[in-house]
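Residue numbers for the sequence shown follow this note's numbering, so the first one is 354 and each next one is one higher.
Some clues are possibly wrong.
Here are the simulated distance ranges between beta carbons [unchecked claim]:
1) A506 x K394: 41 to 49 Å
2) E364 x S494: 52 to 60 Å
3) L479 x A363: 12 to 20 Å
Derived DSSO-like pairs (lysine-lysine); straight-line CA-CA distance at most 27 Å [as the list claims (entries may be wrong)]:
4) K476 x K498
5) K480 x K469
6) K394 x K532
If you are wondering where the hints come from, they were derived from the structure by calculation, not from laboratory data. For each residue, glycine too, the CB sits at the ideal point set by N, CA and C.
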Amino acid sequence: STPGVPGEEAEFKIELLLVADVGIIGLPNAGKSSLLNTLTKAHSKVGDFPFTTLEPALGSFYGYILADIPGLIEGASEGRGLGYKFLKHIERTKAFLHCISAESENPLESYNVVRKELGLYNKDMLKKPELIVLTKIDLISPEEKRFKIKLLAEAGREVLPVSIIDDRLVKEFSDTLVKTLKVRA
């Protein structure tokens, strides 16, 4: 036998990043958690105040993993709010469901705030496939819904309206999402 010798010593910081097929992103109170819960039977916390979701929540949707990412705000890429912590998780998703509340006065501006933060954090995230989801459409008139969908379509992406309290719309949304995910898989 031989006597032992001191080994090497080091400190490591290990970060575990979420791996999901689709990241559900958007400003606070955009309906992300409610959509995840409706589509996957997950139990993400829902509340009528910003930053209800403090940790990513996951759900399985026809074999695809959906991740509810806490709301991003302007300045998230610089560490404001909870954003920087969760922008790292978004890097690992394959696609985005970008939720925008129909209650937003300017939905295109809401869309652009989140897109800007994604680009400031990592320009490659702007290249990922994305569906825009106009949520909470039960709270606006049909005319306003058409106007906001047309406005968001200017971003060059498909816009899907949904209200979690309308089973028909949830079914249509779900069917479209499944087809979209299968095509992009």
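Exercise. Does K532 lie within 27 Å of K394 when you go C-alpha to C-alpha?
Worked result: holds (20 Å)
For this session: Take a quick look at whether K476 and K498 sit within 27 Å of each other, Cα to Cα.
Result: Since the Cα atoms of K476 and K498 sit roughly 31 Å apart, the hinted pair is violated (cutoff 27 Å).
For this session: For the pair we were handed, K480 and K469, check the Cα-Cα distance against 27 Å.
Result: holds (13 Å)
Exercise. Range hint 52 to 60 Å: satisfied by the CB atoms of E364 and S494?
Worked result: Holds, at about 58 Å.
For this session: Determine whether the Cβ-Cβ distance between L479 and A363 falls within the hinted range of 12 to 20 Å.
Result: violated (36 Å)
Exercise. In this structure, is the beta-carbon distance linking A506 and K394 contained in 41 to 49 Å?
Worked result: Given range 41 to 49 Å: violated, Cβ gap about 31 Å.
Hint check: violations occur at hints 1, 3 and 4; the rest are consistent with the structure.
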